[in-house]
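Colleague: Okay, here's what each chain looks like letter by letter:
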Amino acid sequence: MKLLSFLRPKSTAPVARDRLQILLAHERLAVGQTDLVSILRQEILATIARHVEFDPEKVKVQLGGAGSMSTLEIDIELPATPMPPADRKDLPPRRFNAA
Amino acid sequence: MGRVVVVTSGKGGVGKTTSTAAIGAALAQTGQYVCVVDFDVGLRNLDLILGAERRVVYDFINVANGEAKLAQALIRDKRVDTLYLLAASQTRDKDALSEEGVARVIGELREMFDWIICDSPAGIERGATLAMRHADQAIVVTNPEVSSVRDSDRIIGLLDSKTLMAERGERMEKHLLLTRFDAGRAARGEMLSVDDVLDILSIPLLGIIPESEDVLRASNLGSPVTINSAVSAPARAYQDACRRLAGEIVPMVIPGQKRPFFARLFGRRAA
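As they're listed, the protein sequences go chains A and B.
The letter at position 58 of the first sequence is residue 53 when you use the working numbering, and the numbering goes up by one with no holes.
Count along the second sequence starting at 1, add 65, and that's the number in the working numbering.
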């Protein structure tokens, strides 16, 4: 059958369906719960920032779920060598060995 | 007390006006009193689709602002005598409709008719939210195409938040009317299938209207397809949709769906 597949046009409806499903999952949340996600994002990031330094651009906070279950997905990319945040004063700054 | 149904979609050009006219006429053909109301102020077209464009003297805005009586503005259809039209104004802008005026007119229409079918303008602005505001039920008209499905999803969100029913904490009944559907293209994977659209929008299906030459032919003549060619595939699909709207259980057939080659060859019906 694969040999003959060039004869018929490629099926595009599954692509349309997948694109819509992904897009609408985002848009439904954006319309309904903008505040909740942004509040969670701010507070979670503030807490983590007290202990680890990270690039705020590389953070993803997402509310999702299907049916009766909701999920909160937090994805933070940490640098390979964690650096102590500058404003952390309760512990002495960590020293790195130059060797 | 009549039922108020809004025909809406978000996206323009998907068949709201055509569907309003076809459903209004099909309901009226069963002897029920139907009023179709055009909410598209400044871009009215329901009058044209119904072939009543030269009979509009007073319009919705005149009645809402108290400049004319409702009975003066209602236009009775020449073919089906239980079908009436309340036209929108062509010369005013969309802010000319006041919320109180609309509420009063809809209240009066409820007393006079069994069905009040509101043809919403495209978009999600004032005209569209006014059209859905007083509805008891909604028909979401969708084409099997990505931009239409996305906009329908948005409109479903508004129906659940911006209507009087939603504000009272009730849940509005929403129905999906899939228009311009081509079963052949869907079977070949070139068009979103009925199941795809239903999965994504998750509201019950009211009907599937096939893409058909009869629809344009009817609008050329200013006659709803359910009057102009009552036995055509789209007219039958609209008639079935009307029966479902009234609460009847009618089996869903996908119009124009071809039976597989071998099933045709052996004269057997595919399962």
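In case anyone wonders, no lab produced these hints; they're calculated from the structure.
As the structure is a prediction and not an experimental result, all values here were calculated from the model.
Beta carbons: idealized from backbone N, C-alpha and C, even for Gly.
Just so you know, not all the hints are guaranteed correct.
[To be verified] Residues of chain B clear of chain A, computed beta-carbon distances all greater than 10 Å:
id : residue
1  : Met66
2  : Gly131
3  : Arg191
4  : Gly222
5  : Met256
[As the list claims (entries may be wrong)] Estimated spans, in silico, between C-beta atoms of each pair:
id : chain 1 : residue 1 : chain 2 : residue 2 : range
6  : B       : Glu232    : A       : Val54     : 32 to 40 Å
7  : A       : Val54     : B       : Gly131    : 54 to 62 Å
8  : A       : Glu48     : B       : Asp247    : 28 to 36 Å
9  : A       : Glu52     : B       : Glu235    : 42 to 50 Å
10 : A       : Ala41     : B       : Arg250    : 37 to 45 Å
11 : A       : Gln57     : B       : Ala295    : 47 to 55 Å
12 : A       : Leu40     : B       : Arg250    : 41 to 49 Å
13 : A       : Gln16     : B       : Ile314    : 23 to 31 Å
14 : A       : Leu24     : B       : Ala136    : 43 to 51 Å
15 : A       : Ala41     : B       : Arg157    : 30 to 38 Å
16 : A       : Leu40     : B       : Arg191    : 51 to 59 Å
Colleague: If a hint holds in the structure, say so; if it does not, say that too.
Modeller: Taking the hints in turn, this is what the structure says about them:
1. Met66: holds (33 Å)
2. Gly131: Holds: least Cβ distance 37 Å, greater than 10 Å.
3. Arg191: It holds; Arg191(B) is separated from chain A by about 18 Å at its closest Cβ, greater than 10 Å.
4. Gly222: Check fails; 6 Å does not lie beyond 10 Å.
5. Met256: Answer for Met256(B): violated, closest chain A Cβ roughly 6 Å.
6. Glu232(B) / Val54(A): 32 to 40 Å: Given range 32 to 40 Å: holds, Cβ gap about 37 Å.
7. Val54(A) / Gly131(B): 54 to 62 Å: holds (57 Å)
8. Glu48(A) / Asp247(B): 28 to 36 Å: This hint is violated: roughly 56 Å between Cβ atoms.
9. Glu52(A) / Glu235(B): 42 to 50 Å: Since Glu52(A) and Glu235(B) have Cβ atoms about 44 Å apart, the given range 42 to 50 Å holds.
10. Ala41(A) / Arg250(B): 37 to 45 Å: violated (52 Å)
11. Gln57(A) / Ala295(B): 47 to 55 Å: For Ala295(B) against Gln57(A), whose Cβ atoms are near 51 Å apart, the range 47 to 55 Å holds.
12. Leu40(A) / Arg250(B): 41 to 49 Å: holds (47 Å)
13. Gln16(A) / Ile314(B): 23 to 31 Å: Taking Cβ atoms as reference, Gln16(A) and Ile314(B) lie about 30 Å apart, which means the hint holds.
14. Leu24(A) / Ala136(B): 43 to 51 Å: Between Leu24(A) and Ala136(B), where Cβ atoms are some 48 Å apart, the hint holds.
15. Ala41(A) / Arg157(B): 30 to 38 Å: Distance hint for Ala41(A), Arg157(B) is violated at roughly 52 Å.
16. Leu40(A) / Arg191(B): 51 to 59 Å: Violated, since Leu40(A) and Arg191(B) (Cβ atoms, about 38 Å apart) do not stay within the stated range.
In terms of the numbered hints stated before, the structure departs from hints 4, 5, 8, 10, 15 and 16, listed from lowest to highest.
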